[in-house]
Amino acid sequence: MSPAVVALSIVGLVVGGTIAFALYSVRRVPMDPHQYIVAGRSFGAFFLWLLLAGEVYTAFTFLGAAGWAYSYGAAAFYILSYGTIGYIIGYFLLPGISDVGHARGLLTSGDYFAERFGSRTLGVVVGALQFFFLIPYVTLQLTGLQILLTIAGYNAYDARVGVAIGFLLMALFVFSAGLRGTAWASVVKDGLVLAAVIFAGVAIPLKFFGSYGAMFDQVNRAHPTWLTLVATPTNHSVIWFITTVALTAIGFFAGPQNMAAILSARDGNVLRKNAIWMPVYQIVLLLVFFAGFSALLIVPGMKPGAADQSFVLVVQHYYPAWVVGFIAAAGSLAALVPASGLLLGGASNLVKNVLGDGFGLATGDRARTLATRVAVLSLAVLALGLWLIYSKTLVDLLLFYYNGITQLMPGLIFGLVWRRVSARAIGAGIAGGLLTVLTIFYEHANPTPWGINIGLLALVVNVIIVVTITLIWPRKDAAVEVPG
Amino acid sequence: MLACIVPAMLTIGIPFANRLEPRVFGLPFLLAWIILGMILTPVCLSLIYRLEGRANT
Chain V
1 MSPAVVALSI VGLVVGGTIA FALYSVRRVP MDPHQYIVAG RSFGAFFLWL
51 LLAGEVYTAF TFLGAAGWAY SYGAAAFYIL SYGTIGYIIG YFLLPGISDV
101 GHARGLLTSG DYFAERFGSR TLGVVVGALQ FFFLIPYVTL QLTGLQILLT
151 IAGYNAYDAR VGVAIGFLLM ALFVFSAGLR GTAWASVVKD GLVLAAVIFA
201 GVAIPLKFFG SYGAMFDQVN RAHPTWLTLV ATPTNHSVIW FITTVALTAI
251 GFFAGPQNMA AILSARDGNV LRKNAIWMPV YQIVLLLVFF AGFSALLIVP
301 GMKPGAADQS FVLVVQHYYP AWVVGFIAAA GSLAALVPAS GLLLGGASNL
351 VKNVLGDGFG LATGDRARTL ATRVAVLSLA VLALGLWLIY SKTLVDLLLF
401 YYNGITQLMP GLIFGLVWRR VSARAIGAGI AGGLLTVLTI FYEHANPTPW
451 GINIGLLALV VNVIIVVTIT LIWPRKDAAV EVPG
Chain W
1 MLACIVPAML TIGIPFANRL EPRVFGLPFL LAWIILGMIL TPVCLSLIYR
51 LEGRANT
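Residue numbers (our numbering), protein chains in the order written: chain V, 1 to 484; chain W, 1 to 57.
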């Protein structure tokens, strides 16, 4: 058998097996909207940990982080930093949101906005934005999947067909299994990804360089500006690092997929315990960086976009086909399982808040589950479309997502701590933030003036607008109680 | 207070930690600094969890 056949069959078997396992696990669960979208709000610490880990550690972790370490060196460390701070923010923020969710039976982040600020329109807007900004995030997973399948096929096949098939399978999986199925699929995924990353981050550097110290010495000799933050025309400054960490840490839990996970928790303490222990999982990222730096020395000279595949390419060059197969399988699951969570989060927002509350469609339980399933498929197709016409590095896609989604955070946070904020203030803030992002994006060839992250700039504009409007026109009917 | 240590380390602390030497277990200092922040996070958060629990009961 040719190596491509061996590697691709392993990928097929593992992905197929995982889907079958997850479907088997949820075969007796009835599928009303509460089960389907937030799994009956029943998840304890362990299941939630699986789900959150599953959503945070994606194809991006697997390939993008290594690609950035390869292309930009120390700038990639921002990924370690923002996750860590994100969990600290989450520790204080999430239990409050979860309490509101339980008390009022919320399903989506659009619900949260509509309920807290007493404005259905705001819920519609938030629901639509969530759906829109998820598209690049799903596209990111597809790009990752394409890289893996191309390498597992030893460049002998057009990977795009494989990606389309794999992804539609996953959309069908979400269609039938809902959030609980996604959590079960995460069990298999995390085990495999962990094994793959330990292999890539421990076995490869030690085999080629003997020790991490020796590896970093060699990196430093070949690329003296790689191990610290040095502002050059092609690289990222300290200011870029700090502002990007700030933006992404604040936006860490802003996505609809995070909201679903938060609302699926049994109570606030489950979320607190998770925030305490999740940073430990970041060690995985560290190993991915090691793999990226090794690849920089072993297969030098790749362009930023191509560098996303760097360490998998090392595996392909120096290891047997079955190793390539397992690594690619782990990576494919890391792309597909989070993508299913994203699809579900985006679709539930669209259906509940835009179609349901906005236009009065699909309001019954049965109709809503059906509409959510249809929306899952539509989001999948949209992301596939974007993926076919638009290709960027994985990190660029991720930052695009964060620039937009973080503009929702003032609403989430002020909603918990400041009673007088009105729907109008939050809406104006979101609009101002998004306009800022768009303006800078189109006015400048280089979209980061002084290296400041544009999303953070927009967030500052956003907060100033919210605070100003609230001070001038405070909300009068402060009937909604602020949860403690 | 406790909660602020790590975010400060990883944002305003970065310009000061942005260097190669001294190496820590062979790792560049910047990377070691960030890892330290990562390890301190569960420690800080579980301390806060304990303190909060005492305040609530």
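No wet-lab data here; the hints were simulated from the structure.
As the structure is a computational prediction, the values presented were derived from the model and not from experiment.
Fair warning: there could be bad hints in the mix.
Unchecked claim - Computed footprint of chain V on chain W, listed as stretches where at least three residues anywhere in the stretch have a Cβ under 8 Å from a Cβ of chain V:
| id | stretch |
| --- | --- |
| 1 | 28-36 |
| 2 | 43-51 |
Said to hold, decoys possible - Calculated Cβ distances over 10 Å to all of chain W for the following chain V residues:
| id | residue |
| --- | --- |
| 3 | Ile10 |
| 4 | His102 |
| 5 | Ala128 |
| 6 | Arg160 |
| 7 | Ala275 |
| 8 | Trp277 |
| 9 | Leu434 |
Glycine included, each C-beta is placed from N, C-alpha and C at the ideal position.
| Hint numbers contradicted by this structure | 7, 8
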